[in-house]
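Assemble the complex: chain A is given as a structure, and chain B must be docked to it using the hints.
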Amino acid sequence: MSTETKPDIDIDRSVGDFRYEMEYAYDAGVGLSEATIDYISDVKDDPDWVRAFRKEGYRKFLEKPMPTNWATKDLENIVFENIRYYLSQGQVPKRSWDDVPDDIKKTFERLGIPEQERKFLSGVEAQFDSEAAYSNIKAAVGEQGVIFVGSTEGLKEHPEIFKKWFGKVIPSGDNKFSALNSAVFSGGSFIYVPPGVKVKHPLQAYFRINAQNFGQFERTLIIADEGAELTYMEGCTAPKFETATLHSAVVELVAMKGAKIQYITVQNWSSNVFNLVTKRGLAHEDAEIKWIDCNIGSRLTMKYPGVVMKGKGARGEVVSIALSGDGQHQDTGAKMIHAADNTTSNIISKSISLGTGRSTYRGMVHVPKHLKGCKNNTECDALLINTNSRTDTYPAISVRGQGNAVQHEASVSQISSEQIFYMQQRGLSEAAAMSLAVNGFVNDLVQQFPMEYSVELKRLIDLEMEGSVG
Amino acid sequence: MTLSATSEIRVQDTPVRGITALPLHHHGSHEGHTSPWPEWFQHDQQKAWDLYESLPMPKRNDEPWRFANLKALDLSGFQPATPVQDEAALIARSSGFADLAAKLIFANDAVIHRDVTGLPAGVLLLPLEQAATEHEELFQKHFMSTEARLGSKKFAALHRARLRSGAFVHVPKGVVIEQPIEIWHWVEGENAAIFPHTLIVLGEGASATVIDRFVSSRDERSLALAVNDLTLGANSRLSYVGVQEWSDKATAFHLNTTEVQRDGLSTALQMNFGGSYIRGESDSHLLGEGSRSVMLSINPASGTREIDQRTFQDHFSPRATSDLLYHNALADSSRTIFAGLIKVEEAAHETDAYQKVRNLMLSDEAEANSMPGLEILADNVRCTHGATSGELNEDELFYMLARGIPPKQAAQLIVRGFFGTVLERLENEGLQTHLGGLLDRKLNL
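Going line by line, the protein sequences match chains A and B. Quick note: the first sequence uses the working numbering, first residue 2, plus one each step. Quick note: the second sequence uses the working numbering, first residue 244, plus one each step.
Note that these hints are calculated values from the structure, not bench results. Owing to the predicted nature of the structure, the values given are computational and were not obtained by experimental measurement. Some hints could be false.
[Said to hold, decoys possible] Below, computed lysine-lysine pairings styled on DSS-like, alpha-carbon distance capped at 25 Å:
id : chain 1 : residue 1 : chain 2 : residue 2
1  : B       : 651       : A       : 373
2  : B       : 396       : A       : 370
3  : A       : 199       : A       : 258
4  : A       : 61        : A       : 164
5  : A       : 376       : B       : 599
6  : B       : 302       : A       : 177
7  : A       : 61        : B       : 302
8  : A       : 74        : B       : 396
9  : A       : 56        : A       : 199
10 : A       : 311       : A       : 258
11 : B       : 396       : B       : 492
One chain only, chain A, in its complex shape:
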């Protein structure tokens, strides 16, 4: 927080900013065409229905216009022809850390993955460019029947569960980028938790982009069967390249009756990544889906995690923290679709804009006709640090019929000069005082993250705050 801890912070900053020269065994080349999709399908030995699904996605991708009628024009800077859509070393994930190729191992060791796993995580899946490089699940969890594999493995080995839900929560034509993902998806996780199984420790995934001009399109599908419970965490990094990189994931969650899923993301892509992600959960009766989303990195993030509350008494929640530094635009928010009686949703969003950073909250709350007892609460608070910082709030709330309660509140504020003055009087530097105030602003949300993530978050905030004062 203050200057004494600075050495630690410096080490943190460099954690993701490195890359290795790789010889890729499989490379779909630059640009996107039907041939690229066939290449990916061939390499991955896709079943016919997956190949057809990809082609359908590709067709929709071409059809759909860029959403620049409401979104930022910065999207126009994505040059789809220059992107590499598939790169991998070998498509079968290794089960033991020792089997992972040395160069990939080096990358993940620098990110500290096996170390984390040894500490407490139930399973780890690490994705390097297009494919999972390493995946393991602790024996205890595996014995309970929990499946935690890559999406490729999932669709081949568990087609009966996979096919039932894949593309059902987020249809491939949902938006241009979900269509793109449907065409070229690779990697990501498939998780199935059997009825009544409560996974004690979080399952975890790391995503890393190593190659320049590379697009990462992982696809995650998580199913918690009746009464099951699960927490999933993902982290992402990429080195800084000269040119922009695209990350466009699709994440689908299905919580069956009474199930609970908590999905935690700490996004720290380097500042030239376009991070355009579609995430949505389907909550059946009395199920609960909670997205905890923290966006610190990337050039442009567009991400609005959603919950479709399909069963009575279902509950959806989004907790969102966004930090936009110089040149960054965090365009984040939430979508809450109430589709049954007595469903409740809660959105809490806090954003901080620094320097020329821009934070945008975009939300959608939808209560259709003839529903009773639906409740939504939305709170968005924005903090502006510098005179050239920017923040926007664009919620859209539709309510039909009576018997429901929906409220939205937003505020924009600064750190009061009195607060800073007070802390300076007590010997803190201006920068330290600012950091403390910003950490105070997000503190109640940071607490919701698991321990080591909240520590990391605080450090990242301090780091971003450096030099932003004055």
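Chain B only, in chain A's frame:
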């Protein structure tokens, strides 16, 4: 394109054939009359028509038309209003606020009554065409001087092109008018189209209250494309109320622009009692330091009425305040859309901006859409916005039922109270009482 060649003017997918067919000027020279408008304005109208034709119709994906029922924008079938049959009857029906400084009555875009005896010296209350001729500079400076930014650029162009008359209010520097000015806009005739306009210019330190009343003579289908421009000089104060009582079959646009200079205070209330489709756009420009704009709206929606309101609180200068409060009560299968934006431009430090929309849902078939937005480009600002949708308070209902008030009346009383909190924002108590009485009648209390 020549002025008379209207029949050749056709643009594909412009569904306003009825409007297209009308002569550019109701009193145009080809009818054997001389236009009351100066020639430069007629030229201006021709340009506006060209612009109208060149602009596309709103499309489903246009953000300013999100949630809107675009079918309501099909203006084909509307014809320019022709002179009303019984002016005296409409004058007799134009009874509103009792204690007025002046009254001006339009019927189908023509002045049928003008009483300015109570106005202080120097104050102008004129038909627009007269203002354009006699006060050209003032008119040119303020008449539709800012672009319609909230989606209706095309319809604002149509208004300009088809304008026939309107009210021009000018209160010179330092002049204070105690009593309100009331302006009536009547529409009569099945499928009649009118283009009401109210232009209010307040000089430095001036003060005025203006009531615009929009009424249908009969229960007929009609189109009103109304514009009001409120221009407030430094330190001036304006209270503006639009009371809209169109027939339930009417389509209406009410497009507002408010510009407030240093330390000026604008309070504008729009009450929507009628109409089948109402599109309101209110665009406040906080131009001077310490300027204030209070934006209010009362919307009892019933039947299948759609009330689509878009607002903009644009802060250009430091230490200005804007405060928006919109209350919608939705009965039957009515529909409301509220899309509001607070924008704090880079220089507008120490801005205070508030925005609140509340939807009271009275029926299972009603639908309320709210899009309260913020765009903040300056720091050291205080901005909050909120949107709520809820139903009648059970406790309040129970309290009244327990005291023998019939359920329907109890519900109306709660709605009355809900709207009352907006009315209370008006400074003029006499006006509050008058409008409160109008609310009581509309709610059958």
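Hint check:
{"no.": "1", "hint": "651/B / 373/A", "in the structure": "holds (21 Å)"}
{"no.": "2", "hint": "396/B / 370/A", "in the structure": "violated (33 Å)"}
{"no.": "3", "hint": "199/A / 258/A", "in the structure": "holds (14 Å)"}
{"no.": "4", "hint": "61/A / 164/A", "in the structure": "holds (20 Å)"}
{"no.": "5", "hint": "376/A / 599/B", "in the structure": "holds (19 Å)"}
{"no.": "6", "hint": "302/B / 177/A", "in the structure": "holds (19 Å)"}
{"no.": "7", "hint": "61/A / 302/B", "in the structure": "holds (21 Å)"}
{"no.": "8", "hint": "74/A / 396/B", "in the structure": "holds (22 Å)"}
{"no.": "9", "hint": "56/A / 199/A", "in the structure": "violated (37 Å)"}
{"no.": "10", "hint": "311/A / 258/A", "in the structure": "holds (10 Å)"}
{"no.": "11", "hint": "396/B / 492/B", "in the structure": "holds (24 Å)"}
Checked against the numbered hints given earlier, this structure breaks hints 2 and 9; the rest are met.
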